[in-house]
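> Protein sequence lines, in the order shown, are assigned to chains A and B.
Be aware that the first sequence starts at 1, since it is given in the numbering used here, and climbs by one per residue.
Be aware that the second sequence starts at 1, since it is given in the numbering used here, and climbs by one per residue.
Read the hints as simulated data drawn from the structure, not as lab findings.
Check before you lean on any hint, since a few could be wrong.
Stated by the list, open to error - Now the stretches of chain A that chain B is said to cover, found in silico as 3 or more residues with beta-carbon under 8 Å:
| id | region |
| --- | --- |
| 1 | 9–16 |
| 2 | 92–101 |
| 3 | 113–126 |
| 4 | 183–197 |
Cβ coordinates follow ideal geometry from the N, Cα and C atoms, glycine included.
Listed below, chain by chain, are the residues.
Protein chains: 2
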Amino acid sequence: MKVQKIPEASIVRLSVYSRHLARLDHKGIVTTSSGEIADGVGVSPAQVRKDLAYFGEFGTRGVGYNVKDLHRHILKILGLTNDWPVVLIGAGHLGTALSLYRGFLERGFKIVGIFDNDPQKVGQPLGNIDISPMEKLADVIRKEKAKIGIIAVPSDYAQEIANLLIRNGIKAILNFAPRAISVPEEVELRNVDLAVNLEVLTFKLSL
Amino acid sequence: MKVQKIPEASIVRLSVYSRHLARLDHKGIVTTSSGEIADGVGVSPAQVRKDLAYFGEFGTRGVGYNVKDLHRHILKILGLTNDWPVVLIGAGHLGTALSLYRGFLERGFKIVGIFDNDPQKVGQPLGNIDISPMEKLADVIRKEKAKIGIIAVPSDYAQEIANLLIRNGIKAILNFAPRAISVPEEVELRNVDLAVNLEVLTFKLSL
Numbered sequence: 001m002k003v004q005k006i007p008e009a010s011i012v013r014l015s016v017y018s019r020h021l022a023r024l025d026h027k028g029i030v031t032t033s034s035g036e037i038a039d040g041v042g043v044s045p046a047q048v049r050k051d052l053a054y055f056g057e058f059g060t061r062g063v064g065y066n067v068k069d070l071h072r073h074i075l076k077i078l079g080l081t082n083d084w085p086v087v088l089i090g091a092g093h094l095g096t097a098l099s100l101y102r103g104f105l106e107r108g109f110k111i112v113g114i115f116d117n118d119p120q121k122v123g124q125p126l127g128n129i130d131i132s133p134m135e136k137l138a139d140v141i142r143k144e145k146a147k148i149g150i151i152a153v154p155s156d157y158a159q160e161i162a163n164l165l166i167r168n169g170i171k172a173i174l175n176f177a178p179r180a181i182s183v184p185e186e187v188e189l190r191n192v193d194l195a196v197n198l199e200v201l202t203f204k205l206s207l
Numbered sequence: 001m002k003v004q005k006i007p008e009a010s011i012v013r014l015s016v017y018s019r020h021l022a023r024l025d026h027k028g029i030v031t032t033s034s035g036e037i038a039d040g041v042g043v044s045p046a047q048v049r050k051d052l053a054y055f056g057e058f059g060t061r062g063v064g065y066n067v068k069d070l071h072r073h074i075l076k077i078l079g080l081t082n083d084w085p086v087v088l089i090g091a092g093h094l095g096t097a098l099s100l101y102r103g104f105l106e107r108g109f110k111i112v113g114i115f116d117n118d119p120q121k122v123g124q125p126l127g128n129i130d131i132s133p134m135e136k137l138a139d140v141i142r143k144e145k146a147k148i149g150i151i152a153v154p155s156d157y158a159q160e161i162a163n164l165l166i167r168n169g170i171k172a173i174l175n176f177a178p179r180a181i182s183v184p185e186e187v188e189l190r191n192v193d194l195a196v197n198l199e200v201l202t203f204k205l206s207l
């Protein structure tokens, strides 16, 4: 596959399509079309076809897509046919909310360690696990084979925590601190800025 | 302006460009180029030019963009030259984290009311305000002229809360519950699914 040139927006949409296909499958619907998927998620049918075309030929002309097959293909593309252990740094309000967020586990992301440097928090239960001290981070990453780390610490500590995660073998970081951090080229990074979502709304309200 | 056809991804990128321009301005940089902006945020220069072109002519050929001017223009496009009062429903872990999230206030989003139906939570302080009972929602929306509502309640209540917000005059909803909700066409809706961010990472890790 020539995957280097695929826009990140297409990956985000594949993720959204897969949720729609899961709903169709759940309803017992066997075949669908780019038009139906497009309607279901609010993009154009041409966009659906273009996004899928990056990954080969799906579906049959005049018949459409088999819902289960397409769903399975997309999950495979997204790397979601196996589960992903995740470590989470920061057990403040956001970290707590993320550790309890049901949307992660539903998609195969299992939080295998929650870490904080506050002695008051260490040892407290959060969901199914106890909050660990930072000193245990290296052990947990190795033992659980975690490749993904989520940063939910105050902005001033985000870069330091990113460095620590990378030194201990983490290959992909999701950063919720509202501060840009930098990582080596071989590490995948995604900064989540929750305010961007509100700005899409205010753009539309301002038209 | 012909704004109907602008892809949502372009709006998201404008929001990202504006953050980069704020950083450049902060550093005292006066002019920039599509190439510099592109490097700073990780897209192609052509993409930057295309996104900006939806909104008219910016910059001077051979000179580039004036950082302050372009920043102001983008903030205006995004509707961010004025502040936006926001009501937040749900004072659980996610609601608490969102109410304390500094990234909102930095972009002009002020949470003017936090609502919960748990009598144990009502009256408790959260940030600068106290948690209100649901019965006060209509009053606060009217008094504060709030147009935006954030839903951070359990999935099973998300649709009901959306209906309540809309009945009370809310025009745009940001939904954090991992459940699709439906709204009338004239209401703007954005569903935030935090797992999508992890899936962009697993896609890349799976290459």
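> So which of those numbered hints doesn't the model satisfy?
Per hint list: single violation, 3.
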